[in-house]
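Q: For the sequence shown, numbering that gives the first Met the number 0 gives the first residue as 0, with consecutive numbering after it.
The hints are all genuine.
Now the in silico label distances, taken between C-beta atoms and shown as ranges:
(1) G25 with K82: 18 to 26 Å
(2) T22 with Q43: 30 to 38 Å
(3) F74 with I47: 14 to 22 Å
(4) E40 with P92: 25 to 33 Å
(5) P10 with P92: 33 to 41 Å
None of these hints come from the bench; they were simulated from the model. Even for Gly, the Cβ is constructed at its ideal location relative to N, Cα and C.
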Amino acid sequence: MTLTPTTPTLPPPYVDHVDWVQTSLGPSLQIHPTPSGRRTENPQGAQIAWTEVLRLAPDADTPGMRAQFDCHWDFARAVEPDKPSWNIEPWRPVVTDDVMIATRCNPGGPEE
Numbered sequence: 000m001t002l003t004p005t006t007p008t009l010p011p012p013y014v015d016h017v018d019w020v021q022t023s024l025g026p027s028l029q030i031h032p033t034p035s036g037r038r039t040e041n042p043q044g045a046q047i048a049w050t051e052v053l054r055l056a057p058d059a060d061t062p063g064m065r066a067q068f069d070c071h072w073d074f075a076r077a078v079e080p081d082k083p084s085w086n087i088e089p090w091r092p093v094v095t096d097d098v099m100i101a102t103r104c105n106p107g108g109p110e111e
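Turn these sequences into a full structure, and let the hints guide you.
A: In C-alpha cells:
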C-alpha cells in the first residue's frame, strides 16, 4: 500500500491581525497570517481569510486591495511562506492578473 501525502485543510482563523502603517509611498495594510493561514489548502481559504481581513480593516474593501491579497494568498504563501506580513496598498493600480503576477503582487511601485 502506498500512502500519498495529503494536502492540509487547516481550520481558520487564517489572519492573526492587521496593521495600517504609513510608508514613504503611502498607507499600507500589513496582514499577519496565522500558521494555518500560511499552510492551509482549504479551497475556500482565500475568501475566509479576506472576510477576516475586512472584519479587522473594513476600509480595505476595494478591488485593488482584494486583487493584491489574492495574489499574496495564491503565490506569496508558496514562494515566501515565512514572510512576516503580506502588505497591500490602496494606492496601487488595479491591473490584469498577468501584471499582478509579473510585479510579484506589487503593481505600480516597489514592494513595501
